[in-house]
Amino acid sequence: MTVRTPPMLAVRDLRASYGQIEVLHGIDFEVATGQVVTILGSNGAGKTTTLRALTGRVSTRGSAFLDGDELTGRTTEAIARRGVALVPQGRGTFVNFTVAENLRLGGYLNKDGDAVRADIQQMYEHFPVLGERQDQRAGSLSGGEQQMLAIARALMLRPRMLLLDEPSLGLAPMITRSLFRMVAAVNADQNTTIVLVEQNAHLALEMAHAAYVLEAGRIVMSGTPDDVRDDEAMASAYLGYGV
Amino acid sequence: MTRLNLADPVTQRRVKAVGVVVLLAVAVWLPTYYVPYRVFQFTTVLVYAIAVLGLGLLTGYNGQISLGHGAFYAVGAYTTAILMEAGLPYVLAIPPAAALTFVLGFGLGIPALRLHGPYLALVTLGVAAVTPPLLKRFSGLTGGSMGLSVTKPAAPEWSGLANDQWLYYLVLVFAVGMFVLARNLVHSRAGRAMIAIRDDELAARTMGIPLARVKTRAFAWSAMYAGVAGGLSTWVIGFLSPDSFAVAVSIQFLAALVVGGLGTIFGPLFGAAFLVFIPNVSQDINDAAPGIAFGALLILAMYVAPGGVAGLLRKGWIRLITATAPRPESRPPADPPSPPPAGTVAPADPSADDGLTVDAEQ
Amino acid sequence: MELFLQQVISGLASGAIYASLAVALVLIYRSTDILNFAQGEMAMFSTYIVWQLLQNGAPYWLAVGITLVASFLAGIAIERVIIRPVEGKPELIVVIVTIGLFILINALAGYIWSFQVRGVPSPWVARNIALGGVRVSVSTLGILAAVALVVGLLFVLFAKTRLGLVLRAAAENPEASRLVGIRVGWMLALGWGLAAAVGALSGILVAPILFLDPNMMLSVLIFAFAAATLGGFESPGGAVLGGLIVGVTENLAATYVDAIGADLKIIVPMLLIVAVLLVRPQGLFGHARIERA
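Chains as they are written, first to last, in the working numbering: chain V, 1 to 243; chain P, 1 to 362; chain E, 1 to 293.
It should be emphasised that the hints constitute simulated quantities derived from the structure, not laboratory data.
Yeah, the Cβ is synthetic: ideal placement off N, Cα and C, and Gly gets one too.
Each hint should be verified, as a subset may be incorrect.
[To be verified] According to the in silico footprint, chain P covers these stretches of chain E (three or more CB under 8 angstroms from chain P):
(1) 65-78
(2) 85-93
(3) 97-105
(4) 274-285
With the hints as extra help, turn the sequences into a complete structure.
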């Protein structure tokens, strides 16, 4: 996958460990500005760990650079301050706070109160359901609504790069589709770079410009979505058809 | 001469046995060399060690935190004193104290079943706090604020020992007995049940361990130890007053337990020594110096050696084993066969937990 | 009847004092999951600072103001320097650190100011006011007003301000808070600072009554624990209510139940807590913790 301009995210020989156990064994990949890149792989491959490594939540070696700025070795909050928003698995919502409060918290780094309020209104336009439930406790929302809230919360950061960890988990296909459509819209409108970690390869490949496949902590394939679909081994392993 | 192969479990057991024998020999030799005041201090260390060991059974091996063991200590002390005053030979004054505190411990263990962590700490703290006022209240029995005096056990003619030495050896016998008892308890089925509960109550319950029975018994045994220690302290000091059983006593026992090494058998011995000698050393400086030293050391100990002195020794021991282990062919065992999870699980070796959570990997 | 009302009201006053220390305990417990056994000693130390400033000639309210600010800063410092190294470690380790802090601060106070018991002038006029047939001392009203003011300010902070929202978020979900860029460590330290200041208030209010000595706060601490337990350790509001209940119950028991009297008053809150915990382990206002395997 060749990129002419320097990539926004450059990951080189990234290793991650939980205690003594190394889980990522030196991965390399790049994401260009405004691209949607998806990382596929089965359970235990290291996809979530990759996102953890990028957001300072696991001990790492190697490097990851965001527009030349080193991410590895920084705290999670410092990385967030550099414009990287993560929608973690389990959504990371403040369950006992209202939808509106969650969004306010998402806009924490924005010192301009009016801008934050305007952003929140925008979120309600993009996600009308959230607007309807703005004073409701986040924990009482349905799975799909919570995922929506999590994405909206991340977008409040006005991120340069949005990381999504298995947004489809536990959601019905229709809801997942509409979520992905919204994310794609964000990418199109604001040129937000997106790294999407997914087990649901179909939907992810529909959205992505580029794909990487992770297996047991290593990248075993990279290319365009078509490359992945055309590759028989990959197709049968992750897409369920082929031989 | 063949090298000592510490990787071999049999050798390890032998080395440990030798260690214990040496320790005992030193213990027996001490009063023959030191002046009475020092001997008195050593005796006090043994007394505290018993109490702290009892607390260790409950908190270190069973995970129930108690800030109230001073109360059992007091009950044991006063029971023994009252019986001695009533004319009972001093040796016979200890078993009733033990029995009474066992029952009281069991009694406290029942509501404790419903209390966890900070709540249990609080209730036990409350028990410790009401002890001095209660003692003062029942002054008919306890002598109230004026306190109680007893005649300290005197060395019999045939022993040829001085009084302080006699007392020391008496207490030593008790201490050795209690330590052996504790070690056997911890290694028994009941002990393993206690430890299982400490590590994961839910899992223990699923394995069929009768939670209520094990936990209340742990409380009972642990209270008994404190009670025996209290009774022995009556022999050693000869005078009790309610104010010497204030909340501070309970807190010091817990501190000594953790500094000595939570979840270990020998930790309490180090902790007791810490209790007796640190304040002593710094007393000359200023009235408040002992407190400052003690408090600061406690905090530092938690940063540097959360496993206590026993934990440090254990790490040193493991290093020694791996250093002297024979090269390539035979791999040194990862863990020496020492008392079960004593050092390997959370309370004794928290450095193993680096705080990272591992959820289901994707 | 008049005696009863009198005792209820003075019980409310001591309850208010317990409440302010209880609120401090709850603030720290909510933000860092730590039971700070040293809270009482920190309050005691702050009270000594007020006394010292008074000795040096400062007017009362200035002394209190300076001390509250100093306590706030000290709380932040203690969290960052002493507590941080053991944050996340097993509960018992952290408990020992707070106990060590307890012993250390107690001894420090004794070292600096000696263990001599001192009198502290009361800021309140020594007068009684007739309120609806009951005589209430100015001191009682003053205490109630002071605590109400501080708790009220805290309430406004937490419920209505952005900072309050952030503090609550950092306490409830530190991970998610980091993801939005909140410096969680500093928010926790801020919680400790607020707690130290609120706790200091309890020491300052109780000193004229109990007399100042390094050991004066121990029983207050136990009552405050009782109050927080009653309230459920999760809401400052619960702690306040718990404090008032403990204060009134303690006072009524001491007055009407002969067997108890002044020295055994501490039994009352203990029995109360045990009773509450046996029936409702999460306290009156706490949420039942769901045990997840």
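Hints the structure fails to honour: 1
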